[in-house]
Amino acid sequence: MLLAGAEHFVRAPQWTWFILGYFFFAGLSGGSYAVASLLRLAGDPRDEPAARIGFYMSFLALLLCPVLLTIDLGAGWTRFWHMLVDVTPGNQSLIFKYWSPMSVGAWALFVFGLFAFVSALESFILDRRRDAVARPIGGPVGLLFNIVGAILALFLASYTGVLLSVSNQPVWSDTWTLGGLFLASGLGGAAALIAWLTRYRVEAAFSVDRLHLAGGYFSVLELVLLVAFFVTVAMAGSVGRTLPLLPLWALALVGIASALVGARRRATLQPAGGAAVMARTGTNTVIIALLVLIGVVALRAAVIFSAQ
Amino acid sequence: MATINPGESYGFFTDTSICIGCKACEVACKEWNQLQGDAPAFLADSYDNTGQLDAQNWRHVKFYDKVPDAVTTTGNGTAWLMMSDVCKHCKHASCMEVCPTGAIIRTEFDTVFIQQDVCNGCRNCVAACPYSVIGMNQATGTAHKCTMCYDRLQGGMQPACAKACPTQSIQFGPLAELQQAADTRLAALHTQGVTQAQLYGRDDAVYGGLNAFFLLMDKPEAYGLPDASNAVLPSRNNFGGYLAAFATAVLAAIAGVVAFRRRVTG
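These protein sequence lines are chains Z and L, in that order. The first sequence maps to residues 1 to 308 in this note's numbering. The second sequence maps to residues 1 to 266 in this note's numbering.
FYI, nobody ran anything at the bench for these hints, they're computed from the structure. The structure presented is a predicted model; accordingly, all values stated were derived computationally and were not measured. Accuracy of the hints is not assured; some may be wrong.
Pair by pair, the computed Cβ-Cβ distance ranges are [stated by the list, open to error]:
1) L:R106 x Z:A257: 49 to 59 angstroms
2) Z:P247 x L:G193: 50 to 60 angstroms
3) L:Q180 x Z:P247: 30 to 40 angstroms
4) Z:F96 x L:T167: 25 to 35 angstroms
5) L:A139 x Z:G138: 52 to 62 angstroms
6) Z:V118 x L:M157: 54 to 64 angstroms
7) Z:T16 x L:Y150: 47 to 57 angstroms
8) L:I105 x Z:A134: 45 to 55 angstroms
9) Z:A12 x L:G193: 35 to 45 angstroms
10) L:F246 x Z:T16: 25 to 35 angstroms
11) L:A247 x Z:I287: 26 to 36 angstroms
12) L:Q168 x Z:L84: 44 to 54 angstroms
13) L:I105 x Z:L63: 30 to 40 angstroms
14) L:D183 x Z:L63: 40 to 50 angstroms
Footprint (simulated), chain L over chain Z, 3 or more residues, beta carbon under 8 angstroms [unchecked claim]:
15) 73 to 83
16) 102 to 114
Ideal Cβ positions, reconstructed from N, Cα and C, are used throughout, including at glycine.
Taking the hints into account, I'd like the entire structure generated from these sequences.
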């Protein structure tokens, strides 16, 4: 039985294109770091080149995040730093409200930025010194660094969904799924992006099949959460608001389906001949990656515009 | 009225049963707070040409046309419902809860106030306010709403809207006194057979109680107000949202390990 329709008399916050851009790049940045860390920590030593692609992409995507958020503030853009510092006269101090996802997210973005920068820099140093085997941040410290960074990355890729839910907006506040949904989508997009970029790094081609496989798993998670999203929103009586955005939902589904097709084709891993795999890192990977990334954007756009 | 003392709770009691829709409150509010108002527009919505509460309209007289097509009764004063809407200055304020900058504070008069020099225009409060009260001023890049004439209170004066209201539909004063007055008025209406009259925000059922509460002549929903079951805080979704994200993160990490540890021959 459906629950009674939720009543919302709230105004839309006009979080539109810049926020959509931020959600996309935050998802990719967090997702890339997490996938790169998994490749480095759980994968084969031959996965290291692909992991470095992930660390580079994480940092590059992250660079755009504060820019988009600051532009979105409009005339208040010079006060972007008020997210971290309370400037109330007589009460100046750092501000952190654990119950406000926007406050937690601002700190997560700031702290994760340090991890993303250091990991990208480390990858750059390792790439420049091809003869060097040891990581600049090696041993248990390096392990801990990547684990903490990956946890922050997972948070960054997911909190944007929780931020939407922690509101009184229709659709957004009617479901608990958005944090997980954005995370699964961000991870899937990151796996597809890294797989795509292995085209430009011969030694990283070893990881292509594994990335497609991981992307398939992430997409299964995303699909399950997408179903849960529609069920929860339907139970709240808000599903009608999402229906006009059917083309966007369709694109999101195409992205999920593309990742699943990519994973299925690679489910049986081939002998790890770099050249052999490289030969298959062709047009199909690019097409799959593009469709998955379009799906990542479409999913966020559908959610954002459902309430506005 | 008596002196206004910091440290005491103040509020509005808006009695919609005697509102005549004159909009003197809107004018007084704009006059005192130097609000320019939005560009004039024909809304084709009853006698309402203000439209909504926003950055330029901190008071808004809502009009609800309930005149029946065929006259069957005298209406008992409910054929037209008029309500001077305003920020509710909730005890448990959704806007204050989510504000990441600390710009939204509770004043010494127990009202909710947006510090303009602290707000950075993130609009999280707009997304959270269940009454659609807060609006963005694009020129300043900050969120605006009723301050309950904070500056007037500091000067010992009652808010401009309450002072201007010709029927005393808007009453200002210490919250306890207003609640007592509201109870008396409600009892009088019920005695007269106006059983549909009800108080909204008088007790703690809605956001812990509202400092700006109302006597309504219909259900809250008719006035665009969430009823007690729908008056929920944004933070209710923190646990479920983070739990789902955490579970997804764990499953995704396991999936990643399975995918990346898959044995490869050769």
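Inset, instruction - Taking the numbered hints from earlier one at a time, note which ones the structure violates and give those numbers from smallest to largest. - result: Violated hints: 3, 4, 7, 14; rest satisfied.
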